[in-house]
Amino acid sequence: MDKIIELRHISKAFDGETVLDDISLDIHDNEFVTLLGPSGCGKTTTLRIIGGFEYPDKGEVVFMGNKINDLPPHKRNVNTVFQKYALFPHLSVFENVAFPLREKKVPKDEIKVKVQEMLDLVMLSGFANRRVTSLSGGQQQRVAIARALVNNPKILLLDEPLGALDLKLRKDMQVELKKIQKSTGITFVFVTHDQEEALSMSDTIVVMSEGKIQQIGSPTDIYNEPVNAFVADFIGESNILDGIMLEDRRVKIDGHVFDCLDAGFAKNEEVDVVIRPEDVDIVSEDRAALLGTVTSVTFLGVHYEIIVDVQGFKWMIQTTDFVDVGKRIGIKLDPDAIHIMKKSKYSGKFGDYSSFSDEMDELSNPGGEIE
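Read in the working numbering, the sequence shown has 80 at position 80, and its numbers run on one by one without any break.
Keep in mind that a hint or two might mislead.
Said to hold, decoys possible - Quick list of in silico lysine-lysine cross-link-like pairs, DSS-like style, CA-CA up to 27 angstroms:
id	residue 1	residue 2
1	LYS179	LYS252
2	LYS154	LYS3
3	LYS345	LYS327
4	LYS343	LYS314
5	LYS332	LYS314
6	LYS179	LYS84
7	LYS343	LYS327
8	LYS112	LYS178
9	LYS314	LYS342
10	LYS349	LYS212
11	LYS112	LYS171
12	LYS342	LYS267
13	LYS179	LYS267
14	LYS75	LYS154
15	LYS75	LYS58
16	LYS114	LYS75
17	LYS3	LYS182
18	LYS168	LYS84
19	LYS154	LYS67
20	LYS267	LYS343
21	LYS252	LYS267
22	LYS3	LYS212
23	LYS332	LYS252
24	LYS182	LYS154
25	LYS345	LYS58
26	LYS168	LYS179
27	LYS75	LYS182
28	LYS58	LYS182
29	LYS267	LYS345
30	LYS343	LYS212
31	LYS105	LYS154
32	LYS314	LYS349
33	LYS182	LYS84
34	LYS182	LYS168
35	LYS114	LYS179
36	LYS108	LYS154
37	LYS342	LYS327
38	LYS58	LYS178
Hint data in this document are derived by calculation from the structure and do not stem from the laboratory. All of these numbers come straight from a predicted model, not from anything done at the bench.
Turn these sequences into a full structure, and let the hints guide you.
What follows is the structure, encoded as C-alpha coordinates:
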(Lines of atoms letter the chains of each structure in order from A and count residues from 1; the text may use other names and numbers.)
(Lines give C-alpha, C1' and ligand atoms only; values in the text may rest on other atoms or scores of the structure.)
Protein backbone atom coordinates (compact mmCIF):
# COMPACT_ATOMS: atom_id res chain seq x y z
CA MET A 1 0.00 0.00 0.00
CA ASP A 2 1.10 3.56 -0.71
CA LYS A 3 2.10 5.86 2.13
CA ILE A 4 -0.42 8.63 2.57
CA ILE A 5 0.92 10.28 5.74
CA GLU A 6 4.51 10.28 7.04
CA LEU A 7 5.32 11.72 10.44
CA ARG A 8 9.08 12.22 10.63
CA HIS A 9 10.69 12.80 14.04
CA ILE A 10 7.77 14.83 15.39
CA SER A 11 8.18 16.56 18.77
CA LYS A 12 5.69 18.80 20.54
CA ALA A 13 5.65 20.50 23.94
CA PHE A 14 3.02 22.56 25.78
CA ASP A 15 4.17 24.98 28.49
CA GLY A 16 7.58 23.31 28.57
CA GLU A 17 6.16 19.81 29.01
CA THR A 18 6.98 17.35 26.23
CA VAL A 19 3.85 15.72 24.83
CA LEU A 20 5.40 14.06 21.76
CA ASP A 21 9.01 12.97 21.85
CA ASP A 22 10.56 12.30 18.42
CA ILE A 23 7.84 10.04 17.00
CA SER A 24 7.88 8.68 13.44
CA LEU A 25 4.92 6.94 11.82
CA ASP A 26 3.80 5.90 8.34
CA ILE A 27 0.08 5.67 7.55
CA HIS A 28 -0.98 3.94 4.35
CA ASP A 29 -3.81 4.25 1.85
CA ASN A 30 -7.04 2.35 2.71
CA GLU A 31 -5.82 1.51 6.22
CA PHE A 32 -7.65 1.61 9.55
CA VAL A 33 -5.05 2.86 12.02
CA THR A 34 -5.72 3.21 15.74
CA LEU A 35 -3.65 5.38 18.06
CA LEU A 36 -4.02 3.65 21.42
CA GLY A 37 -2.84 4.64 24.86
CA PRO A 38 -3.78 6.09 28.25
CA SER A 39 -4.72 9.72 28.85
CA GLY A 40 -1.76 12.03 28.32
CA CYS A 41 0.20 9.64 26.09
CA GLY A 42 0.14 12.01 23.08
CA LYS A 43 -2.35 10.21 20.83
CA THR A 44 -4.79 13.13 20.44
CA THR A 45 -1.94 15.58 19.86
CA THR A 46 -0.68 13.28 17.10
CA LEU A 47 -4.14 13.30 15.52
CA ARG A 48 -4.39 17.08 15.76
CA ILE A 49 -0.99 17.49 14.11
CA ILE A 50 -2.14 15.31 11.20
CA GLY A 51 -5.30 17.41 10.94
CA GLY A 52 -3.49 20.75 11.13
CA PHE A 53 -5.05 21.83 14.44
CA GLU A 54 -1.59 21.78 16.05
CA TYR A 55 1.82 22.33 14.52
CA PRO A 56 4.92 20.33 15.51
CA ASP A 57 7.83 22.03 17.24
CA LYS A 58 10.21 19.73 15.38
CA GLY A 59 9.93 17.24 12.55
CA GLU A 60 7.93 16.99 9.34
CA VAL A 61 4.36 16.09 8.42
CA VAL A 62 4.32 14.72 4.87
CA PHE A 63 1.06 14.17 2.96
CA MET A 64 1.34 12.15 -0.25
CA GLY A 65 4.96 13.22 -0.66
CA ASN A 66 4.48 16.92 0.18
CA LYS A 67 5.46 18.61 3.43
CA ILE A 68 2.37 20.20 5.01
CA ASN A 69 3.64 21.38 8.42
CA ASP A 70 2.19 24.88 8.10
CA LEU A 71 -0.88 24.06 6.00
CA PRO A 72 -4.12 25.00 7.83
CA PRO A 73 -6.83 22.36 8.37
CA HIS A 74 -9.20 23.61 5.63
CA LYS A 75 -6.46 23.22 3.02
CA ARG A 76 -5.70 19.60 3.92
CA ASN A 77 -7.64 16.76 2.28
CA VAL A 78 -8.44 15.54 5.79
CA ASN A 79 -11.65 15.65 7.83
CA THR A 80 -12.21 15.07 11.55
CA VAL A 81 -14.99 13.61 13.70
CA PHE A 82 -14.69 14.66 17.33
CA GLN A 83 -16.27 13.09 20.42
CA LYS A 84 -18.59 16.11 20.51
CA TYR A 85 -20.05 15.98 17.03
CA ALA A 86 -20.45 19.77 16.52
CA LEU A 87 -23.63 19.40 14.47
CA PHE A 88 -25.80 22.41 13.67
CA PRO A 89 -28.90 22.01 15.89
CA HIS A 90 -31.08 24.34 13.80
CA LEU A 91 -30.49 22.39 10.58
CA SER A 92 -31.93 19.12 9.32
CA VAL A 93 -29.90 15.97 8.88
CA PHE A 94 -29.73 16.66 5.13
CA GLU A 95 -28.49 20.22 5.61
CA ASN A 96 -25.89 19.19 8.18
CA VAL A 97 -24.40 16.72 5.74
CA ALA A 98 -24.74 19.13 2.82
CA PHE A 99 -23.04 22.01 4.62
CA PRO A 100 -19.43 21.33 3.42
CA LEU A 101 -20.67 21.01 -0.16
CA ARG A 102 -22.62 24.28 0.00
CA GLU A 103 -19.50 25.99 1.35
CA LYS A 104 -17.70 24.79 -1.79
CA LYS A 105 -20.52 26.04 -4.08
CA VAL A 106 -21.26 22.53 -5.38
CA PRO A 107 -24.32 22.49 -7.71
CA LYS A 108 -27.65 21.65 -6.01
CA ASP A 109 -28.29 18.50 -8.03
CA GLU A 110 -24.84 17.16 -7.18
CA ILE A 111 -25.34 17.99 -3.51
CA LYS A 112 -28.59 16.03 -3.46
CA VAL A 113 -26.95 12.96 -4.97
CA LYS A 114 -23.87 13.06 -2.74
CA VAL A 115 -25.79 13.64 0.49
CA GLN A 116 -28.16 10.79 -0.29
CA GLU A 117 -25.18 8.51 -0.97
CA MET A 118 -23.70 9.37 2.43
CA LEU A 119 -27.01 8.90 4.26
CA ASP A 120 -27.37 5.49 2.61
CA LEU A 121 -23.82 4.65 3.66
CA VAL A 122 -24.46 5.45 7.33
CA MET A 123 -27.95 3.85 7.27
CA LEU A 124 -29.86 7.12 7.72
CA SER A 125 -31.58 7.27 4.32
CA GLY A 126 -35.00 7.92 5.88
CA PHE A 127 -33.79 10.64 8.25
CA ALA A 128 -32.95 13.44 5.80
CA ASN A 129 -35.64 15.87 6.95
CA ARG A 130 -35.32 15.30 10.69
CA ARG A 131 -33.73 17.82 13.05
CA VAL A 132 -30.49 16.48 14.51
CA THR A 133 -31.74 17.37 17.99
CA SER A 134 -34.39 14.64 17.64
CA LEU A 135 -31.79 11.93 17.00
CA SER A 136 -30.13 9.52 19.40
CA GLY A 137 -26.42 9.78 20.18
CA GLY A 138 -25.58 6.99 17.77
CA GLN A 139 -27.64 8.58 14.99
CA GLN A 140 -25.99 11.95 15.57
CA GLN A 141 -22.63 10.29 15.27
CA ARG A 142 -23.65 8.80 11.93
CA VAL A 143 -24.61 12.29 10.73
CA ALA A 144 -21.20 13.60 11.79
CA ILE A 145 -19.48 10.78 9.92
CA ALA A 146 -21.58 11.38 6.79
CA ARG A 147 -20.74 15.10 6.90
CA ALA A 148 -17.04 14.31 7.27
CA LEU A 149 -17.08 11.85 4.36
CA VAL A 150 -19.23 13.78 1.89
CA ASN A 151 -16.18 15.63 0.50
CA ASN A 152 -14.40 12.30 -0.05
CA PRO A 153 -11.29 13.15 2.01
CA LYS A 154 -8.17 11.03 1.71
CA ILE A 155 -8.09 10.64 5.50
CA LEU A 156 -10.78 10.66 8.18
CA LEU A 157 -9.59 11.42 11.71
CA LEU A 158 -11.74 10.17 14.59
CA ASP A 159 -10.99 11.46 18.08
CA GLU A 160 -12.62 9.03 20.56
CA PRO A 161 -15.96 9.31 18.71
CA LEU A 162 -17.55 6.39 20.59
CA GLY A 163 -16.80 7.71 24.07
CA ALA A 164 -20.28 9.12 24.72
CA LEU A 165 -22.19 6.00 23.62
CA ASP A 166 -23.45 3.16 25.78
CA LEU A 167 -21.76 -0.25 25.58
CA LYS A 168 -24.09 -1.99 23.11
CA LEU A 169 -24.24 1.03 20.81
CA ARG A 170 -20.45 1.30 20.93
CA LYS A 171 -20.15 -2.29 19.75
CA ASP A 172 -22.62 -1.67 16.92
CA MET A 173 -20.71 1.43 15.84
CA GLN A 174 -17.38 -0.42 15.95
CA VAL A 175 -18.76 -2.81 13.32
CA GLU A 176 -20.30 0.03 11.31
CA LEU A 177 -17.13 2.15 11.27
CA LYS A 178 -15.05 -0.76 10.04
CA LYS A 179 -17.64 -1.51 7.35
CA ILE A 180 -17.73 2.15 6.25
CA GLN A 181 -13.94 2.31 6.08
CA LYS A 182 -13.74 -0.78 3.90
CA SER A 183 -16.56 0.31 1.58
CA THR A 184 -15.15 3.82 1.01
CA GLY A 185 -11.45 2.92 0.90
CA ILE A 186 -10.71 6.08 2.88
CA THR A 187 -7.89 5.89 5.43
CA PHE A 188 -9.24 6.10 8.99
CA VAL A 189 -7.06 7.26 11.88
CA PHE A 190 -8.88 6.48 15.12
CA VAL A 191 -7.92 7.60 18.63
CA THR A 192 -9.01 5.60 21.68
CA HIS A 193 -7.89 4.42 25.11
CA ASP A 194 -10.11 1.33 24.78
CA GLN A 195 -8.10 -1.81 24.00
CA GLU A 196 -11.13 -3.80 22.84
CA GLU A 197 -12.05 -1.12 20.31
CA ALA A 198 -8.52 -1.10 18.96
CA LEU A 199 -8.29 -4.88 18.69
CA SER A 200 -11.68 -5.31 17.03
CA MET A 201 -11.48 -2.49 14.45
CA SER A 202 -7.89 -1.90 13.38
CA ASP A 203 -5.61 -3.02 10.60
CA THR A 204 -2.74 -1.39 12.49
CA ILE A 205 -2.45 -0.39 16.15
CA VAL A 206 0.01 2.25 17.34
CA VAL A 207 0.52 1.87 21.10
CA MET A 208 1.69 5.08 22.79
CA SER A 209 2.96 6.00 26.24
CA GLU A 210 4.61 9.13 27.62
CA GLY A 211 4.85 10.81 24.22
CA LYS A 212 6.58 7.87 22.53
CA ILE A 213 5.43 5.08 20.26
CA GLN A 214 5.96 1.80 22.08
CA GLN A 215 4.90 -0.62 19.34
CA ILE A 216 3.29 -0.66 15.90
CA GLY A 217 1.66 -3.82 14.56
CA SER A 218 -1.47 -5.75 13.69
CA PRO A 219 -3.91 -6.54 16.52
CA THR A 220 -2.70 -10.16 16.70
CA ASP A 221 0.97 -9.09 16.76
CA ILE A 222 0.37 -6.50 19.47
CA TYR A 223 -1.56 -8.98 21.62
CA ASN A 224 0.59 -12.07 21.08
CA GLU A 225 4.02 -10.44 20.78
CA PRO A 226 4.16 -7.32 23.00
CA VAL A 227 7.58 -5.66 22.99
CA ASN A 228 7.62 -4.53 26.61
CA ALA A 229 5.77 -4.68 29.92
CA PHE A 230 3.71 -1.56 29.19
CA VAL A 231 2.26 -2.98 25.97
CA ALA A 232 1.68 -6.39 27.54
CA ASP A 233 -0.21 -4.82 30.42
CA PHE A 234 -2.16 -2.25 28.42
CA ILE A 235 -3.39 -4.71 25.78
CA GLY A 236 -5.48 -7.18 27.74
CA GLU A 237 -4.51 -8.81 31.01
CA SER A 238 -1.00 -10.18 31.58
CA ASN A 239 1.00 -11.85 34.29
CA ILE A 240 4.46 -10.31 33.95
CA LEU A 241 7.21 -11.99 35.94
CA ASP A 242 10.96 -11.72 36.28
CA GLY A 243 12.83 -14.46 34.49
CA ILE A 244 16.29 -15.55 33.43
CA MET A 245 16.88 -16.78 29.88
CA LEU A 246 19.20 -19.76 30.45
CA GLU A 247 19.59 -20.43 26.73
CA ASP A 248 17.47 -20.41 23.60
CA ARG A 249 13.96 -21.72 24.40
CA ARG A 250 14.65 -22.28 28.11
CA VAL A 251 13.71 -19.78 30.82
CA LYS A 252 13.83 -19.88 34.62
CA ILE A 253 10.78 -18.52 36.48
CA ASP A 254 10.56 -18.58 40.29
CA GLY A 255 13.48 -21.02 40.41
CA HIS A 256 11.88 -23.49 37.97
CA VAL A 257 12.95 -24.08 34.37
CA PHE A 258 10.39 -24.00 31.56
CA ASP A 259 10.56 -24.63 27.83
CA CYS A 260 9.45 -21.69 25.66
CA LEU A 261 9.51 -20.70 21.99
CA ASP A 262 11.74 -17.61 22.20
CA ALA A 263 15.38 -17.36 21.19
CA GLY A 264 18.06 -14.76 20.51
CA PHE A 265 18.63 -13.59 24.08
CA ALA A 266 22.01 -13.62 25.83
CA LYS A 267 22.78 -16.57 28.05
CA ASN A 268 21.51 -15.90 31.61
CA GLU A 269 19.98 -12.59 30.49
CA GLU A 270 17.38 -11.14 32.86
CA VAL A 271 14.05 -10.84 31.05
CA ASP A 272 10.38 -10.11 31.53
CA VAL A 273 8.11 -13.12 31.11
CA VAL A 274 4.53 -12.56 29.91
CA ILE A 275 1.84 -15.18 30.48
CA ARG A 276 -1.74 -14.38 29.48
CA PRO A 277 -4.38 -15.44 32.05
CA GLU A 278 -6.26 -17.56 29.49
CA ASP A 279 -3.09 -19.57 28.72
CA VAL A 280 -2.62 -20.89 32.25
CA ASP A 281 -3.81 -24.43 33.08
CA ILE A 282 -4.88 -25.29 36.63
CA VAL A 283 -3.74 -28.78 37.66
CA SER A 284 -3.28 -30.75 40.86
CA GLU A 285 -0.27 -29.89 43.03
CA ASP A 286 1.61 -33.05 42.06
CA ARG A 287 1.51 -32.15 38.34
CA ALA A 288 3.14 -28.70 38.44
CA ALA A 289 6.33 -26.98 39.56
CA LEU A 290 4.56 -23.71 40.37
CA LEU A 291 2.15 -23.94 43.30
CA GLY A 292 -0.17 -21.29 44.71
CA THR A 293 -3.19 -20.51 46.85
CA VAL A 294 -6.41 -19.10 45.41
CA THR A 295 -7.12 -15.74 47.08
CA SER A 296 -10.19 -14.57 45.11
CA VAL A 297 -12.67 -15.87 42.54
CA THR A 298 -14.86 -13.61 40.36
CA PHE A 299 -17.56 -14.97 38.02
CA LEU A 300 -17.64 -13.03 34.74
CA GLY A 301 -20.28 -15.00 32.85
CA VAL A 302 -18.12 -16.74 30.27
CA HIS A 303 -15.33 -17.62 32.69
CA TYR A 304 -14.04 -17.25 36.24
CA GLU A 305 -11.27 -14.77 36.99
CA ILE A 306 -9.08 -16.29 39.69
CA ILE A 307 -6.27 -14.60 41.62
CA VAL A 308 -3.60 -17.00 42.87
CA ASP A 309 -0.78 -16.18 45.30
CA VAL A 310 2.43 -17.85 44.13
CA GLN A 311 5.28 -17.03 46.55
CA GLY A 312 3.85 -13.55 47.13
CA PHE A 313 3.21 -12.77 43.44
CA LYS A 314 -0.48 -12.54 42.53
CA TRP A 315 -1.29 -14.33 39.26
CA MET A 316 -4.51 -13.88 37.30
CA ILE A 317 -5.98 -17.02 35.73
CA GLN A 318 -9.05 -17.13 33.51
CA THR A 319 -10.79 -20.50 33.48
CA THR A 320 -14.21 -22.07 32.97
CA ASP A 321 -13.61 -24.31 36.00
CA PHE A 322 -14.66 -23.14 39.45
CA VAL A 323 -12.01 -23.24 42.21
CA ASP A 324 -12.68 -22.39 45.86
CA VAL A 325 -10.88 -19.56 47.63
CA GLY A 326 -8.12 -21.01 49.82
CA LYS A 327 -7.50 -24.03 47.61
CA ARG A 328 -3.90 -24.97 46.78
CA ILE A 329 -3.41 -25.50 43.05
CA GLY A 330 -0.69 -26.22 40.54
CA ILE A 331 0.02 -23.94 37.55
CA LYS A 332 0.92 -25.66 34.26
CA LEU A 333 2.50 -23.69 31.43
CA ASP A 334 2.91 -24.96 27.87
CA PRO A 335 5.84 -23.55 25.84
CA ASP A 336 3.56 -21.44 23.62
CA ALA A 337 2.00 -19.80 26.70
CA ILE A 338 5.31 -18.17 27.64
CA HIS A 339 6.45 -15.00 25.91
CA ILE A 340 9.85 -13.45 26.61
CA MET A 341 10.52 -9.70 26.46
CA LYS A 342 13.58 -7.54 26.97
CA LYS A 343 13.80 -5.62 30.22
CA SER A 344 12.65 -2.00 29.86
CA LYS A 345 11.87 1.10 31.92
CA TYR A 346 8.44 -0.47 32.52
CA SER A 347 9.80 -3.67 34.05
CA GLY A 348 8.50 -4.33 37.53
CA LYS A 349 5.62 -1.86 37.18
CA PHE A 350 2.96 -4.20 35.83
CA GLY A 351 1.71 -7.75 35.90
CA ASP A 352 1.11 -8.47 39.61
CA TYR A 353 -2.60 -8.64 40.47
CA SER A 354 -2.34 -7.58 44.09
CA SER A 355 -4.60 -4.78 42.79
CA PHE A 356 -5.94 -3.73 39.40
CA SER A 357 -4.79 -0.10 39.25
CA ASP A 358 -1.82 2.09 40.06
CA GLU A 359 -4.09 4.27 42.21
CA MET A 360 -4.97 1.37 44.49
CA ASP A 361 -1.28 0.51 44.80
CA GLU A 362 -0.54 4.07 45.89
CA LEU A 363 -3.35 4.01 48.46
CA SER A 364 -1.99 0.74 49.85
CA ASN A 365 1.57 2.09 49.93
CA PRO A 366 1.38 5.85 50.50
CA GLY A 367 5.14 6.09 50.88
CA GLY A 368 5.33 7.78 54.25
CA GLU A 369 3.97 8.00 57.75
CA ILE A 370 2.24 10.90 59.47
CA GLU A 371 4.67 12.60 61.80
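**Message:** So if I understand the rule, the pair passes when the alpha-carbon distance is 27 angstroms or less; does LYS114 with LYS179 pass?
**Reply:** OK: LYS114 and LYS179 at ~19 angstroms, within 27 angstroms.
**Message:** Check whether the Cα positions of LYS182 and LYS154 lie no farther apart than 27 angstroms.
**Reply:** With Cα atoms ~13 angstroms apart, LYS182 and LYS154 stay inside 27 angstroms; holds.
**Hint consistency between LYS332 and LYS252 [alpha-carbon to alpha-carbon, up to 27 angstroms]** = Holds, at roughly 14 angstroms.
**Prompt:** Does LYS182 pair with LYS84 here, judged by a C-alpha cut-off of 27 angstroms?
**Reply:** Within the cut-off at roughly 24 angstroms; holds.
**Request:** Assess, step by step, whether the Cα of LYS108 is no farther than 27 angstroms from the Cα of LYS154, and give holds or violated.
**Result:** Roughly 23 angstroms between the alpha carbons, so the hint for LYS108 and LYS154 holds.
**Prompt:** Does the alpha-carbon distance linking LYS112 and LYS178 stay inside the 27 angstroms limit?
**Reply:** holds (25 angstroms)
**Item:** Agreement of LYS182 and LYS168 with the hint, judged by alpha carbon distance not exceeding 27 angstroms
**Value:** Cα-Cα ~22 angstroms, so holds.
**Asked** Quick one, are LYS314 and LYS349 close enough, alpha carbons at most 27 angstroms?
**Response** Distance of about 13 angstroms is within 27 angstroms: holds.
**Hint consistency between LYS179 and LYS267 [alpha-carbon to alpha-carbon, up to 27 angstroms]** = violated (48 angstroms)
**Given hint LYS327 paired with LYS345 - CA-CA distance at most 27 angstroms** = Given that 27 angstroms is the threshold and the Cα spacing comes to 35 angstroms, the pair is violated.
**Asked** Does the alpha-carbon distance linking LYS267 and LYS343 stay inside the 27 angstroms limit?
**Response** holds (14 angstroms)
**Prompt:** Is it true that the CA of LYS267 sits at most 27 angstroms from the CA of LYS345?
**Reply:** holds (21 angstroms)
Comparing the model with each earlier hint shows violations of hints 1, 3, 7, 11, 13, 28, 37 and 38; every other hint is respected.
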